[in-house]
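Novice: Given next are the chains, with one letter for each unit.
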Amino acid sequence: MSETTLGGIAGRMPKFIRRADPAVLTAFACIVILLLLGSLYSRSFLSPEYLLQQLKVASFLGVIATGMMLVILLGQIDLSVPWSVAAGAMMACAAAAYGPVGIALAIPFGVLCGVAIGIVNGIGVAYLRIPSMIITLATNAVAQGLMVVYTGGFSPQDSATAAMRYLATGFTIPGVPNAVIIWALIGAAMVFVLTRTSFGRAVYGIGNRERAAYLSGIDTRRIVMIAFAVSGGLSAFGGVLLAGYASKAAQSMGDAYLLPSIAAVVLGGTSILGGRGSYLGTVAGVILITLLQSILSVMQMPEAGRQIIYGVVIVAMLLLYGRAPASR
Amino acid sequence: MKDWRYLLAEQRGTLLALGIFIVMFIIYTTNHPAGFTANVVQTAANKGVLLAFVAMAQTLVVITAGIDLSVGMILLLTNCLASWLVVGTPLETTLGVIAVLAAGLVCGAINGAIVIYGRLQPIVATIATGAVYYGIGLLLRPFPGGSVNEDLADALTGKLFDVIPTSLVALLVVVLVVWVPFSRSEFGRAAYAAGSSETAAYMSGVPIRRGKFIAYALAGVLASVGGLFLTFFTYTGEAAYASGNSYTLFSIAAVVLGGVSLFGGKGSAIGAIFGALAFRTIGDLLFVFDFDPLWQPLFQGVILLIAVSLGAFALFRVRNRLEWFL
Numbered sequence: 188m189s190e191t192t193l194g195g196i197a198g199r200m201p202k203f204i205r206r207a208d209p210a211v212l213t214a215f216a217c218i219v220i221l222l223l224l225g226s227l228y229s230r231s232f233l234s235p236e237y238l239l240q241q242l243k244v245a246s247f248l249g250v251i252a253t254g255m256m257l258v259i260l261l262g263q264i265d266l267s268v269p270w271s272v273a274a275g276a277m278m279a280c281a282a283a284a285y286g287p288v289g290i291a292l293a294i295p296f297g298v299l300c301g302v303a304i305g306i307v308n309g310i311g312v313a314y315l316r317i318p319s320m321i322i323t324l325a326t327n328a329v330a331q332g333l334m335v336v337y338t339g340g341f342s343p344q345d346s347a348t349a350a351m352r353y354l355a356t357g358f359t360i361p362g363v364p365n366a367v368i369i370w371a372l373i374g375a376a377m378v379f380v381l382t383r384t385s386f387g388r389a390v391y392g393i394g395n396r397e398r399a400a401y402l403s404g405i406d407t408r409r410i411v412m413i414a415f416a417v418s419g420g421l422s423a424f425g426g427v428l429l430a431g432y433a434s435k436a437a438q439s440m441g442d443a444y445l446l447p448s449i450a451a452v453v454l455g456g457t458s459i460l461g462g463r464g465s466y467l468g469t470v471a472g473v474i475l476i477t478l479l480q481s482i483l484s485v486m487q488m489p490e491a492g493r494q495i496i497y498g499v500v501i502v503a504m505l506l507l508y509g510r511a512p513a514s515r
Numbered sequence: 005m006k007d008w009r010y011l012l013a014e015q016r017g018t019l020l021a022l023g024i025f026i027v028m029f030i031i032y033t034t035n036h037p038a039g040f041t042a043n044v045v046q047t048a049a050n051k052g053v054l055l056a057f058v059a060m061a062q063t064l065v066v067i068t069a070g071i072d073l074s075v076g077m078i079l080l081l082t083n084c085l086a087s088w089l090v091v092g093t094p095l096e097t098t099l100g101v102i103a104v105l106a107a108g109l110v111c112g113a114i115n116g117a118i119v120i121y122g123r124l125q126p127i128v129a130t131i132a133t134g135a136v137y138y139g140i141g142l143l144l145r146p147f148p149g150g151s152v153n154e155d156l157a158d159a160l161t162g163k164l165f166d167v168i169p170t171s172l173v174a175l176l177v178v179v180l181v182v183w184v185p186f187s188r189s190e191f192g193r194a195a196y197a198a199g200s201s202e203t204a205a206y207m208s209g210v211p212i213r214r215g216k217f218i219a220y221a222l223a224g225v226l227a228s229v230g231g232l233f234l235t236f237f238t239y240t241g242e243a244a245y246a247s248g249n250s251y252t253l254f255s256i257a258a259v260v261l262g263g264v265s266l267f268g269g270k271g272s273a274i275g276a277i278f279g280a281l282a283f284r285t286i287g288d289l290l291f292v293f294d295f296d297p298l299w300q301p302l303f304q305g306v307i308l309l310i311a312v313s314l315g316a317f318a319l320f321r322v323r324n325r326l327e328w329f330l
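Going line by line, the protein sequences match chains A and B.
According to our numbering, the stretch in the first sequence is residues 188 to 515, in order.
According to our numbering, the stretch in the second sequence is residues 5 to 330, in order.
FYI, nobody ran anything at the bench for these hints, they're computed from the structure.
You may find that some hints are simply not true.
[Unchecked claim] The calculated lysine to any residue pairs, modelled on SDA-like cross-linking and capped at a C-alpha distance of 25 Å, are: (1) K243/A with M377/A; (2) K51/B with M207/B; (3) K435/A with V179/B; (4) K435/A with Y245/B; (5) K270/B with V179/B; (6) K270/B with V499/A; (7) K270/B with K435/A; (8) K270/B with M377/A; (9) K270/B with R316/A; (10) K435/A with L298/B; (11) K243/A with V335/A; (12) K163/B with L180/B; (13) K51/B with R316/A; (14) K435/A with I30/B; (15) K243/A with T359/A; (16) K435/A with G357/A; (17) K270/B with L460/A; (18) K270/B with R398/A; (19) K435/A with M377/A; (20) K435/A with V219/A; (21) K51/B with V335/A; (22) K435/A with A246/B; (23) K270/B with W299/B; (24) K270/B with P318/A; (25) K435/A with L299/A; (26) K435/A with L180/B; (27) K270/B with L315/A.
[Said to hold, decoys possible] One side only, chain B facing chain A, incomplete, derived with CB under 8 Å: (28) V101; (29) I102; (30) A103; (31) L105; (32) A106; (33) G122; (34) L142; (35) V177; (36) V260; (37) F295; (38) F329.
We treat Cβ as the ideally placed atom computed from N, Cα and C, and that holds for glycine.
Start from the sequences, fold in the hints, and give me the full structure.
Specialist: Next up, the structure:
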């Protein structure tokens with residue numbers, strides 16, 4: 188009875204709302220609520236400058252969360268994000284110290300280091316069948332160890348190249364920060380890959396049931412490995428952008444991105460068990476998290492309060508729409 | 005199969021961890037400048053016991069096929085709490101210790117409630133609660149500081165009859181009071197059954213929910229025991245994000261080294277304890293061989309990577325490729 192009424196109401200709505208995932212809608216609704224709450228606190232919350240600034244800050248998280256989403260869609264998780272980010276940033280800055288060739292190759296080199304970490308993860312998960320949570324923790328520790336040995340335990344002295352700074356803070360189109368354009372390009376590529384290529388179909392298939400995907404002729408191990416490599420590369424690229432933004436790399440710059448990237452993906456309605464989720468949701472999750480962080484810092488909430496509110500909000504939102512079905 | 009061979013097969017993981025620990029410890033003490041003395045053993049025990057408590061906590065949750073990524077943060081939170089409460093007269097100190105343990109119980113119970121009754125995935129849920137616990141810890145101790153009842157601290161980190169490290173005795177007591185009764189109880193069996201096959205356990209009427217809930221709650225208590233001991237060793241409370249994270253990471257490493265299956269249903273806290281002691285000893289080997297301490301994180305990471313890769317040997321027993329996909 189209520190089903191048909193709901194269907195009747197839904198039938199009269201525009202097509203794009205009918206097709207949308209309730210989780211994505213909830214996430215966007217929360218963004219609007221946060222903006223309204225923020226505008227009550229200060230009028231500048233609705234100004235275009237503030238919103239563009241937020242989008243720019245969000246784009247770093249957005250790039251990293253894109254890779255995380257790919258891995259989560261497979262039903263895996265990538266906990267090596269913190270030091271993939273740091274390694275990408277540090278190695279790109281380090282390459283810049285080796286003359287003009289180094290400066291030219293700084294960005295690809297940083298990304299490649301992330302890809303290397305991702306490939307180790309991928310080999311462990313896909314071919315050695317180690318639980319992703321464990322192998323990525325281990326590679327994270329190894330990457331940290333390598334970086335500590337390389338830097339001697341301090342923040343490296345090398346600074347970011349002009350190209351990195353331009354990517355993170357420059358303006359190609361007047362008014363639109365480059366970082367936002369980069370996020371849009373990466374996001375568009377991700378949407379294309381997920382919805383229009385056999386690779387994307389395979390990712391969803393593996394996330395639903397790897398065994399079935401394997402039996403239908405997909406080389407599941409290769410797909411899983413590529414996904415982890417892409418995730419590592421995107422994390423490192425996020426690190427490169429961050430280094431460009433701050434014009435140098437720092438020891439624990441990636442720590443602040445692990446929880447937010449997972450949270451952004453999961454809040455966007457992607458199932459942590461894999462196989463379900465849309466990129467639009469991840470965009471919503473990223474913006475939601477960035478806004479939440481921004482409002483808490485504008486309100487001059489101390490770090491402790493921020494962490495608490497942050498954890499509580501994530502648990503609360505997941506309890507709203509991220510629950511697993513009851514075992515019956 | 006004969007009885008003793010069956011027992012041996014059942015305890016293989018634990019015995020392997022014990023073996024690794026003994027070998028590593030012999031290498032450690034024979035190369036230590038002071039040799040095998042009570043003081044060397046005491047220092048090693050104090051460092052190892054801390055991780056052993058956290059590893060026991062992790063084991064309880066891992067047995068149910070879950071994971072607790074907030075153990076390190078519960079340790080930090082209870083460390084900060086203990087640096088406020090475990091002071092003053094013996095009565096106040098006792099009440100303080102009880103309050104700290106209760107705080108750990110509450111943290112664990114919240115995790116359990118969210119995972120079991122809220123039906124969220126343990127990974128995401130405990131990362132989020134970990135952020136909350138860290139935040140509360142930071143609220144309690146924005147800057148490192150505080151104090152602890154030093155008589156109690158010295159008694160629990162010293163030596164009994166000048167030979168046996170007291171911390172080892174405390175570890176033994178905790179094993180006897182928490183682990184042994186739990187693993188032999190109906191709920192312990194339910195936790196194992198839930199980790200082994202939740203559906204089958206549910207169908208046979210095993211109280212899996214209560215078993216899992218008690219496992220999560222006890223994990224919180226064990227992590228708070230770790231937090232207490234951290235306070236006894238350092239005399240201060242400190243909410244350092246990196247240190248909480250590394251305790252979580254090391255607890256998983258110790259559990260894996262200790263032969264506890266991350267898919268659940270297999271292993272014991274005793275194995276995890278030896279895994280923790282072995283992991284700490286391996287980390288300390290660098291010092292006795294006079295390496296640069298800078299290499300320690302890399303060394304520990306590589307050990308961790310090798311330890312988790314050893315699980316891949318099970319692939320050689322796979323007869324049907326479909327068994328790759330669990």
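Novice: Confirm or reject each hint.
Specialist: Evaluated hints:
Straight-line distance between C-alpha atoms of K243/A and M377/A comes to about 19 Å, which keeps the hinted pair within the 25 Å bound. Proposed proximity of K51/B and M207/B is contradicted: the alpha carbons are some 43 Å apart, above 25 Å. Between K435/A and V179/B, the direct Cα distance comes to roughly 49 Å. Violation of the 25 Å bound is thereby established for this hinted pair. Straight-line distance between C-alpha atoms of K435/A and Y245/B comes to about 22 Å, which keeps the hinted pair within the 25 Å bound.
Between K270/B and V179/B the CA atoms are separated by roughly 18 Å; this keeps the pair inside 25 Å, and the hint holds. For a cut-off of 25 Å, the pair hint linking K270/B to V499/A is broken: about 32 Å separates their Cα positions. Taking the CA atoms of K270/B and K435/A, the gap is near 46 Å; set against the 25 Å cutoff, the hint is violated. Our distance criterion of 25 Å between C-alpha atoms is broken by K270/B and M377/A, whose separation comes to about 40 Å.
Between K270/B and R316/A, the direct Cα distance comes to roughly 18 Å. Compliance with the 25 Å bound is thereby established for this hinted pair. A threshold of 25 Å between alpha carbons decides the hint, and for K435/A with L298/B the separation of about 22 Å falls inside it, so the pair holds. Between K243/A and V335/A the alpha-carbon distance is near 30 Å, which puts this suggested pair outside the 25 Å criterion. Distance check on the hinted pair: K163/B and L180/B sit about 20 Å apart at the alpha-carbon level, within 25 Å; holds.
In summary, the hint linking K51/B to R316/A is not supported, as the alpha carbons are separated by about 33 Å, beyond the 25 Å threshold. A hinted pair counts as satisfied when its Cα atoms are at most 25 Å apart, and K435/A with I30/B does not qualify at roughly 45 Å. At roughly 14 Å between alpha-carbon atoms, K243/A and T359/A fall within 25 Å of each other, so this suggested pair holds. With a C-alpha separation of about 16 Å, the suggested pairing of K435/A with G357/A holds against the 25 Å cut-off.
With a CA separation close to 23 Å, the supplied pair K270/B and L460/A stays within the 25 Å bound. Under the criterion of a C-alpha separation no larger than 25 Å, the hint pairing K270/B with R398/A is consistent with the structure, at around 24 Å. Proposed proximity of K435/A and M377/A is contradicted: the alpha carbons are some 28 Å apart, above 25 Å. With a CA separation close to 34 Å, the supplied pair K435/A and V219/A exceeds the 25 Å bound.
Restraint check for K51/B and V335/A: the C-alpha separation of about 23 Å stays at or below 25 Å, so the hint holds. As the CA atoms of K435/A and A246/B are separated by approximately 21 Å, the hinted pair is consistent with the 25 Å bound. Of the pairs offered as hints, the one joining K270/B and W299/B is violated, with about 33 Å between alpha carbons and a cut-off of 25 Å exceeded. Among the hinted pairs, K270/B with P318/A is consistent with the structure: their alpha-carbon atoms are about 15 Å apart, no more than 25 Å.
For the hint pairing K435/A with L299/A, the CA-to-CA distance comes to about 18 Å; that is within 25 Å, so the pair holds. For the given pair, K435/A sits about 52 Å from L180/B by alpha-carbon distance, which is inconsistent with the 25 Å threshold. Between K270/B and L315/A the alpha-carbon distance is near 20 Å, which keeps this suggested pair within the 25 Å criterion. Checking V101/B against chain A: minimum C-beta separation of about 24 Å lies over 8 Å; hint violated.
Taken as an interface hint, I102/B does not check out: its beta carbon lies about 24 Å from the nearest beta carbon of chain A, beyond 8 Å. At a threshold of 8 Å, the smallest CB-CB gap from A103/B to chain A is about 20 Å, leaving the interface hint violated. With 8 Å as the threshold, the beta carbon of L105/B stays out of range of chain A, its nearest partner Cβ sitting at about 22 Å, so the hint is violated. Hint on A106/B is violated. Least Cβ distance to chain A is approximately 20 Å, over the 8 Å limit.
Because the closest C-beta pair between G122/B and chain A is about 5 Å apart, less than 8 Å, the hint holds. Of the supplied interface hints, the one on L142/B holds, with its beta-carbon coming within about 4 Å of a beta-carbon of chain A, less than 8 Å. The criterion of a C-beta within 8 Å of any C-beta in chain A is not met by V177/B, whose closest approach is roughly 31 Å, and the hint is violated. For the restraint placing V260/B at the interface with chain A, the shortest Cβ-Cβ distance is roughly 7 Å, inside the 8 Å limit, so the hint holds.
This hint is violated: F295/B has a C-beta 11 Å from the nearest C-beta of chain A, more than the 8 Å allowed. Restraint check, F329/B versus chain A: the minimum CB separation of about 4 Å is within 8 Å; hint holds.
In terms of the numbered hints stated before, the structure departs from hints 2, 3, 6, 7, 8, 11, 13, 14, 19, 20, 23, 26, 28, 29, 30, 31, 32, 35, 37, listed from lowest to highest.
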